[in-house]
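**Q** Spelled out, the chains give:
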Amino acid sequence: MSEVKKFLYVNRKAPYGSIYALESLEVVLIGAAFDQDVTLAFLDDGVYQLVKGKNTEAIGMKNFSPTYSALGDYDVTKIYVEKESLEARGLTLGDLMDLKYEDEDDDWAEKDSIRVVSASEMADIMDTQDIVLSF
Amino acid sequence: MAIEVNGKTYETDEEGYLANLNEWDEDVAKAMAEADGAELTDAHWEVINFLREYYDEYQIAPAVRVLTKAIGKKLGKEKGNSKYLYELFPYGPAKQACKYAGLPKPTGCV
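From first to last, the protein sequence lines stand for chains A and Z. The opening position of the first sequence corresponds to residue 1 in the working numbering, with each subsequent residue numbered one higher. The opening position of the second sequence corresponds to residue 1 in the working numbering, with each subsequent residue numbered one higher.
No wet-lab data here; the hints were simulated from the structure. There could be a bad hint or two in this list.
[Stated by the list, open to error] Okay, derived cross-link-like pairs now, DSS-like style, lysine-lysine, Cα gap no bigger than 27 angstroms in a straight line:
#1 A:K5 with Z:K8
#2 Z:K73 with A:K78
#3 Z:K69 with A:K111
The structure displayed is predicted, hence computed values, not measured ones.
Okay, chain A solo, but in the shape it has when bound (with noise of 0.2 angstroms):
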């Protein structure tokens, strides 16, 4: 078995108007397919991939919002959301998924996913990975 990497993932893009996002979730699925150790960050504009309540139909792509509700089963438990970039768009983290996990070590209890971080909080984080993949 080959050594487990840290792979960061981070969104940059707004989920529709370019292939950015679905591209990017389709990546972390695979990759965490393969057993590796992977941290999602979404940061500017990306952030508007997490928002609830999307309504694709009007501009004729699928709405790929419930893969993120996967995201759990695919061991993918950290997701990073930058505080400064919620706020300079007036979100807050009620605005975005319930993303939830069931943590195996703690007799499967649900968790939240999404952990909002400051801007030199993401910087750490980012600092601690051995792959970061940016989209």
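Dock chain Z against chain A, hints included.
**A** Frame of chain A; chain Z shown alone:
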């Protein structure tokens, strides 16, 4: 590519996965299984229906590890293991069962 079931033509991709999952019905699944020389039992249907529900909720076909864990949770531990699932779907539980369920190939499958 395409398959024909009960006189109706269904478009598929080059690996035999249904192009439009809304066209799926149980006869399509049976025809696909028959072409592989397999017969679908209640145990197969349990997994196929599970996959369709999973796709409906999350809009993806789960990777085999995720499928195994989720089946174990929903249908019981004796079913949530690779041995049980590979006996049902020898070509790979995620790939083969997803195909019969009319879903695209699982994300992360190569």
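**Q** State for each hint whether it applies.
**A** Hint check results:
Proposed proximity of K5 (chain A) and K8 (chain Z) is contradicted: the alpha carbons are some 49 angstroms apart, above 27 angstroms. The suggested pairing of K73 (chain Z) with K78 (chain A) holds, with an alpha-carbon distance near 22 angstroms, which does not exceed 27 angstroms. Using a Cα cut-off of 27 angstroms, the hinted pair K69 (chain Z) and K111 (chain A) holds, with the two alpha carbons roughly 18 angstroms apart.
Violated hints amount to a single one, hint 1; each of the other numbered hints is respected by the structure.
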